[in-house]
Each structure stands twice: as C-alpha cells, then as structure tokens.
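Starting from the known structure of chain H, arrange chain R on it as the hints suggest.
So the protein sequences, as listed, match chains H and R. For the first sequence, counting from 1, position 339 maps to 339 in this note's numbering; every step adds exactly one. For the second sequence, counting from 1, position 323 maps to 323 in this note's numbering; every step adds exactly one.
Check before you lean on any hint, since a few could be wrong.
[As the list claims (entries may be wrong)] Quick list of in silico lysine-lysine cross-link-like pairs, DSSO-like style, CA-CA up to 27 Å:
no., chain 1, residue 1, chain 2, residue 2
1, H, K54, R, K374
2, H, K55, R, K374
3, H, K222, R, K363
4, H, K58, R, K363
5, H, K350, R, K316
If you're looking for bench data, these hints aren't it; they were derived computationally from the structure. All values derive from a computational prediction rather than experimental measurement.
Listed here are the chains, written in short residue letters.
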Amino acid sequence: MIEQIDISMVNWARATFALTAMYHWIFVPLTLGLSFLCAFFESIYVRTGNEQWKKLTKFWMTLFGINFAIGVATGIILEFEFGTNWSNYSWMVGDIFGAPLAIEGILAFFLEATFFAVMFFGWNRVSKKFHLFSTWMVAVGSNLSALWILVANGWMQNPIGMAFNPDTARFEMQDLWAVISSPVAISHFVHATSSGFLLASLFVLGISSWYLLKKRHIQFAKRSIAVACVFGLLSSLFVAFTGDEHAFITARTQPMKLAAMEALYDGQKPTGLVAIGLINPNKQPGDDKDTFSFKVEIPGMLSLLAKRSFDGFVPGINDLVFGNEEHGVMGVDEKIRRGKIAVATLGDYKGAKSAGDELAASKALTLFDEHRDYLGYGHLESAEQAVPPVGLTFYAFRIMVGLGTFFILLFLVYGYLMEKRQLENKPTILRLGVLSLFLAWVASQAGWVVSEVGRQPWAIQDMLPVTVARSNLDSGTVAVTFFLFLFLFTALLIAELKIMTKQISIGPEGD
Amino acid sequence: MFGSLDWSTLQQLWWLIVSVVGSLFVFLTFVQGGQTLIMTIPGTEDEKTLMVNSLGRKWELTFTTLVLFGGAFYASFPLFYASSFGGAYWVWLAILFTFIIQAVSYEYRRKPNNFLGQRTYEVFMCINGVVGVLLIGAAVGTFFSGSNFTLNDYNLVKWLHPLRGLEAAFSLFNLSFGLFLVFLARTLGALYLTNNLDHDGLVEKLKKSSFNNLLCALPFLLYVLVSLILMDGYAVNPADGAITLEANKYLNNLLQMPLNLVLLLAGLVLVVLGVVLNRFTASVRGIWPAGLGTVLTCLAVFFLAGYNNTAFYPSKADIASSLTIYNASSSHYTLTMMSYVALIVPFVLAYIAYVWRQMDGSKLTIDELAADKKSY
Numbered sequence: 001m002i003e004q005i006d007i008s009m010v011n012w013a014r015a016t017f018a019l020t021a022m023y024h025w026i027f028v029p030l031t032l033g034l035s036f037l038c039a040f041f042e043s044i045y046v047r048t049g050n051e052q053w054k055k056l057t058k059f060w061m062t063l064f065g066i067n068f069a070i071g072v073a074t075g076i077i078l079e080f081e082f083g084t085n086w087s088n089y090s091w092m093v094g095d096i097f098g099a100p101l102a103i104e105g106i107l108a109f110f111l112e113a114t115f116f117a118v119m120f121f122g123w124n125r126v127s128k129k130f131h132l133f134s135t136w137m138v139a140v141g142s143n144l145s146a147l148w149i150l151v152a153n154g155w156m157q158n159p160i161g162m163a164f165n166p167d168t169a170r171f172e173m174q175d176l177w178a179v180i181s182s183p184v185a186i187s188h189f190v191h192a193t194s195s196g197f198l199l200a201s202l203f204v205l206g207i208s209s210w211y212l213l214k215k216r217h218i219q220f221a222k223r224s225i226a227v228a229c230v231f232g233l234l235s236s237l238f239v240a241f242t243g244d245e246h247a248f249i250t251a252r253t254q255p256m257k258l259a260a261m262e263a264l265y266d267g268q269k270p271t272g273l274v275a276i277g278l279i280n281p282n283k284q285p286g287d288d289k290d291t292f293s294f295k296v297e298i299p300g301m302l303s304l305l306a307k308r309s310f311d312g313f314v315p316g317i318n319d320l321v322f323g324n325e326e327h328g329v330m331g332v333d334e335k336i337r338r339g340k341i342a343v344a345t346l347g348d349y350k351g352a353k354s355a356g357d358e359l360a361a362s363k364a365l366t367l368f369d370e371h372r373d374y375l376g377y378g379h380l381e382s383a384e385q386a387v388p389p390v391g392l393t394f395y396a397f398r399i400m401v402g403l404g405t406f407f408i409l410l411f412l413v414y415g416y417l418m419e420k421r422q423l424e425n426k427p428t429i430l431r432l433g434v435l436s437l438f439l440a441w442v443a444s445q446a447g448w449v450v451s452e453v454g455r456q457p458w459a460i461q462d463m464l465p466v467t468v469a470r471s472n473l474d475s476g477t478v479a480v481t482f483f484l485f486l487f488l489f490t491a492l493l494i495a496e497l498k499i500m501t502k503q504i505s506i507g508p509e510g511d
Numbered sequence: 001m002f003g004s005l006d007w008s009t010l011q012q013l014w015w016l017i018v019s020v021v022g023s024l025f026v027f028l029t030f031v032q033g034g035q036t037l038i039m040t041i042p043g044t045e046d047e048k049t050l051m052v053n054s055l056g057r058k059w060e061l062t063f064t065t066l067v068l069f070g071g072a073f074y075a076s077f078p079l080f081y082a083s084s085f086g087g088a089y090w091v092w093l094a095i096l097f098t099f100i101i102q103a104v105s106y107e108y109r110r111k112p113n114n115f116l117g118q119r120t121y122e123v124f125m126c127i128n129g130v131v132g133v134l135l136i137g138a139a140v141g142t143f144f145s146g147s148n149f150t151l152n153d154y155n156l157v158k159w160l161h162p163l164r165g166l167e168a169a170f171s172l173f174n175l176s177f178g179l180f181l182v183f184l185a186r187t188l189g190a191l192y193l194t195n196n197l198d199h200d201g202l203v204e205k206l207k208k209s210s211f212n213n214l215l216c217a218l219p220f221l222l223y224v225l226v227s228l229i230l231m232d233g234y235a236v237n238p239a240d241g242a243i244t245l246e247a248n249k250y251l252n253n254l255l256q257m258p259l260n261l262v263l264l265l266a267g268l269v270l271v272v273l274g275v276v277l278n279r280f281t282a283s284v285r286g287i288w289p290a291g292l293g294t295v296l297t298c299l300a301v302f303f304l305a306g307y308n309n310t311a312f313y314p315s316k317a318d319i320a321s322s323l324t325i326y327n328a329s330s331s332h333y334t335l336t337m338m339s340y341v342a343l344i345v346p347f348v349l350a351y352i353a354y355v356w357r358q359m360d361g362s363k364l365t366i367d368e369l370a371a372d373k374k375s376y
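Next up, chain H with everything else stripped away, as it sits in the complex:
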C-alpha cells in the first residue's frame, strides 16, 4: 500500500501532533472547568444580588477569556493537521472520524462562540438572567465540544461500528450510535472532562491561596476557595472513579497499553500492582532480565483492577508479543503473518477487479475475509514494533495517579481548614495550594501521554499503524512545520502567561 515508508517523516508528524495536542491541552482543561466555575459564581451572584460575587465572577471570567483565545488558536490546527500530516488516515477513516468533528462544529462550537460574546460583552446589553444563561451555555458548549472530540479519539482507541470495505480500501461507518456510545469514548470523555474540572478548581484554589499568602483580597479568595474546594473535591473523586473504570476497559480493549502502563512483561495469576518502581532501562521483550531494579508491589491488585478478581490473569508484554497458548493469547508474530496475507489478498482482489477477472477476485476476497481482522498487523515488520514505549507510559501513569491522589487529600485539608476558619493561618498549606496549580497541569499532561504513547504504534488500534496513516510528505517539510509551530505556540504561551500573571497581580479590585 505504501511503497516507501519514511520513518523519520512519521516521527516528525507524530512529534508535531504531540506538540500541538500538548499545547492545546494546556488551555482546554482550564476552559472546561473554569467555564463551570464562572457559571457557579455568577449563579450565586444572581441568586444573592451581592455585587462582590459579580466582581468575583468578572475576575475569573477575565482569566477564562485570556485562556480561551489561545485554546481556540491551537484547536483549529488539530482538526486540520489530520488532513495535512495524516492524509491517508483522513481518507481511510474520514467516513467515521469526520462525522464527530462535523457534529462538534454544529452542536458545540456555535454554542460556545455565540454565547461567549454575551458572556463578555453583554453585562449591560442583556438581562441578568439571560447573561447567566449565556455563561452556562458557554460551559455546556465547551464540554460538548470535548464530548465529540473524545468520541473521535475513543473510536481511534477502540474502533467499533464500522467495517473495512475492500472495494474502496477504507473503513466505513456502519453504526453511528455504536461509535458515539462506545464505552471507551464515554469513559474517555468523563475522565478527561472531570480532570479539567479538577484542574480548574486547583487553578482557582492556587491563585486564591497566593492572595491569602499576600494578605490581599481576603474575602474574595475565601469565597473562591469555598466554591473551588467543593467542585474540586467532587471532581477529583469522580476522576479517580472514572480512571479506575477506564483502566478496566483498557484491559479488555488495549491489553498492550495496560501492560505498558504497568511494565508487566510476564502475565501472572494473580498479578500484583507495582505502586512505585524503577524500570531497568535495558529490559527488552523476550529477554530474561529483571524488569525493575526496585519496586513496591501490592499483591493481586492489578488482577482486581483489570479483571475485577484477585486471581484474574492479566497478559504481559511477552504474552502479547510471543503468544500464550495456555491463556488463549495470540502472539503478534502470528497476527503479522495473517495480516500480511490480508494485505496481499487485498492487492490481489483489487488487481483482479481491475482486470475484470471475477473468479480470481472472488477467491482473493474469500481469503482476505478470513484474515481481515489482522489487516493492520500486515504493515508491521516485527513483533517488537507492536510494543509502545514502556518506561514513558509507566512513569506517566504513576505521576498522574500519584498526583490525583494527592489532590483529593489537598481538597479535604482545604475543606477542613476552611470549615475551622484556620486556612489563612496555614502558610505551608497555602504554599502547597499554589504549587498544586502547576502540578495539576503535570498530571493532566501525563494522562494524555499514557493514553496516546501507550497505544503506539497504532493510529487506529490494531487496524492502522501510524506508518500507513501518514501523508506523502518528506521529513524536512514536516520538521519545518514542527519548528514553526513550536516557535509560534511558545510565543503565544509566553504572551498568555505574561498577560495572565499581570491580571492576577492586578486582582479583582482592579476590576
């Protein structure tokens, strides 16, 4: 299908997408959560009529607006990058993948864009209630947008509701509802959006803590923390719950990703969970080296999380790569063999169709149908290619989970101290709150590293490797784009940070 695969081009394209997505995800989670927090603040203002809450709402809205603009700027690139850098992908799955992107535009972006103007400039142009309605609509629109893009991403992680059409050599949708209601997509959506709520709560809590440390805007800060604490605690608990469910689904749909997340090479029954560990960097699939030079393991816990049973078998990387007959796991080598047959018979089928040889076409199609489930593996050259970067996935997962647990405790401590009216007198806790503002982004980015690095080498899980999904570009072209984006996004990020820190230093009194 692809005559010459330029691996370095693929890697530049992956780097460019990772760069764009990671920059985009700096701004998006804050938009997702802060939009709701602004709606909460304004609801209290409308309900109480207290002008202090209006001032508070307008302050957080200012920061929301600064962040929102750059989120929009980086977002447009992601949509079009599928076309520019991953054009084979766009053609082969555009039938399925394009649909949620179009629906996102119709259902979510217009809602956001229309009511955004009212939210910012409508204070004196529309009624108080219509303004509040608009603020809520911005929050709903932002999060609806996340739903559709995560439906698209969820489909890439677990392609369902479609079939490969050998006549067009592409994947075509058969059940839109199956795509939308995919458990992977829904679990992605609830986990990612609630993590955005959590991040935004820490943003409000962190800045407010800084005000308390500086003895500025005391009442404003306390009010903000009170709302952020409740929203943040509920969100962080929900993040933990959905994260557990997400891992459970991953065990079924992407066992290789789960094995990489846990650096599990040899599946056992039961399988323990490595809470903390240091991976041996020289460890390779199939060798007999120790995986960890140091580890703290909880016996049976991974079996419980992945299989909901203390003695469930969780396949490791070696089981998945080399196969495990005892547990009915087919090895990647065998999948590659079958996939090569699928690729070859697809070529035979198309050739026979072009030549008008219906008999040969029918024979080729029958053989293709027997092997079509392994089509994606036909583009791999070795079984090891099916293994994602283990160390990065493993450590990113622990950073995310560790920080997530810490955030729950932080919100509990803040809630307790607020209740006892002692928060202002606890500078260490307040400093921890300020620090958590930054840690929230570390956790959030780590989560996406697990999700996306952990599913390599697949653009579509088991169906289409990134090497086939790419555009027909040379590596130099994509490398230039990478650095252009890096330069532009960094300049805009610096601008955003400078503007935002200035607004924070001015504070609500400057409103």
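Coordinates of chain R only, in the frame set by chain H:
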C-alpha cells in the same frame, strides 16, 4: 427519510450543505475585511478600538464557521480533505497560521504586559484579513483551474509541485479570485461596521470605503467571470465515472443550470445594491442585501464547480485523479446519518440570530467601551 435517498442524491445534498457553509463563511469574512480597515480608516485610537470591538463580537462566528466548513468537508468528502490538505500542504498551513494569530489578537491586543505589543496584534489581524482571505480565494480558485496531483490505486495523494499548494497563488485566475475575495471582505467589513457603530465620522468614512472597495473588487470579479466563461472544465460521465476535458464547461453549466445563473446574477446585483444604498442614501443597512448577495453568489460558484457532472477538484497532472462529488464522498450510511445531524443547523442559525439581535439592539459607542475595562 434520508436513508431512502439514493447515494448520488445524498452526495448532491451534501455538496449543497457544504456550499451553504462555505458561502456563509465568505459572508462572515466581513470580520477579516474589517480587520484590514483598522489600519486606514480610524483617525484616533478610540475610533480604532471602537472598530476592533465591534468586529471582536463576531470574530468567533467566522472562525467557527471555518472549522465547521473543514469538519463538514471531512465528513462528507473525505477524499478531498485528504488530497487537498495532505497535498496542497503549504497553502493550507499558511492559511491556518493567519487564523492562529487572529484568534489571540482581539483578547491580547490591549491587555497590559501582552509581550508583543498592541501594534503587533493589529498587524496579525491585518495579515489574517489580507493573506488569509487571499489564500483561501486562491485555494478555491483551484476548484476551476486545477492542481498538480495524482492518486494511486488506493486513492493516496501525491502532489507534484514543490510549492505544495502555494503555486496556486501564482496563477492569474486564482490570484484574481483571491483578490476579489479580499476586496469583497473589505466591502462587507465596511458595511457591517457602518451598521454596527454609533459614530458619525467613522460611519461616513466607512460608507465611502465600502464603495471604493467594491470598485477595487470589480476588475478581479470581471476577470474571474470572463475566465470562467471561456475556460475548459473537467466533466464526469455519471455512468462510468470517466473524466474528460470539456470546452467551455462552466459556460455550459451556467446555461444548463439556469437557476444557477439567476443565483449568480441576483447575488451580484444584491451586493452592488447593498453598497449603493449604503453609499448614496442615509441607510446603514446595506450589509443585509450585500450579505445575502454574497451568499447567493458563492452558492452559485460552488454549484458551478460541483454540479452538472463536473469535477470540483480537477487534477491537471492526471485527469483521472480529479475529484467529483461522486468519487470523493463518504459512504451512503455516513451521508445519511450526517443529513439527520444537519437538520439541527436551522435551530443553530435561529439562536445565533436571536442572540445577535439581543447584542446588537443598540449600536456600539466609544463611551460604552470607555466604561468597560474588559473591552478589546
């Protein structure tokens, strides 16, 4: 309802939907056109800020419509999306760059400590208004003038020109198309601002500007129209999908689709009418006939490119690789499902119109902006 329609009907329906979204986008480029006017029209800083804030209440709608245009093309004609974006790489990236820098410019322009300075963000807006619109026009021009690409047996694109799409801007036809859109956007921008601002001095200047920009647009429009009438086009045989070169294809299309000819002429007349009303009467509502005229004209252009068995994305290098609404589309199932989704669009347009009406009930003044410290 849609499921019972045959595939070609759905393909034509989706070309209509994409055309409507594309035409609305061109109308909404009044934002981009207005952005180029802030360099020349305002006499004072307050006047410039007034113009920027008026445009700033609408820029997201334009941006969102562009995103929807991309998404709709992706879902309905993915082979075009893949071939054009993956092939004409640099022209699309250049367009996107201008929209990235636009997206932050309103919000950051007058914020303290904004790193690049107010003037830089204003230049960004101007680049978006000139370069962005010009290149979009050049890219759409290739719907008629063609591009240098081939598709292999698996429909994977290979672009044959080293400039990867930027070469479109060096064709006189495409360049004229782009410049026409730039001056049309400026005309619409001036019309929109005339209607949205409460400032006698500015309104007077904008009225003149709308007329002058229309005059500038006319030669390019004329060149595009004459070229279209004279040029050969790529026809597709609906029976076997074979593509052939047909003399005066677009003239034939106009004659064989008289309704399209009416759309084109009515659209152009409405644009001129809107500008003339605005310039020579006390009316400030010229944006509405001109806006409607823009939409009708663009619809006619899109119909000309895609209907009547025409290849809408011709390949000059390999005629068989040319894209038609039949060979570039999604499956019957996807088009059916997306057609149901598209039924929501009228409701979306309705709430946009309602909110727009609420927000624009009174015209924007310098005094209002002075009282609002969060203004752009």
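Hints, verified against the model:
no., hint, result
1, K54/H with K374/R, "14 Å, holds"
2, K55/H with K374/R, "12 Å, holds"
3, K222/H with K363/R, "39 Å, violated"
4, K58/H with K363/R, "23 Å, holds"
5, K350/H with K316/R, "26 Å, holds"
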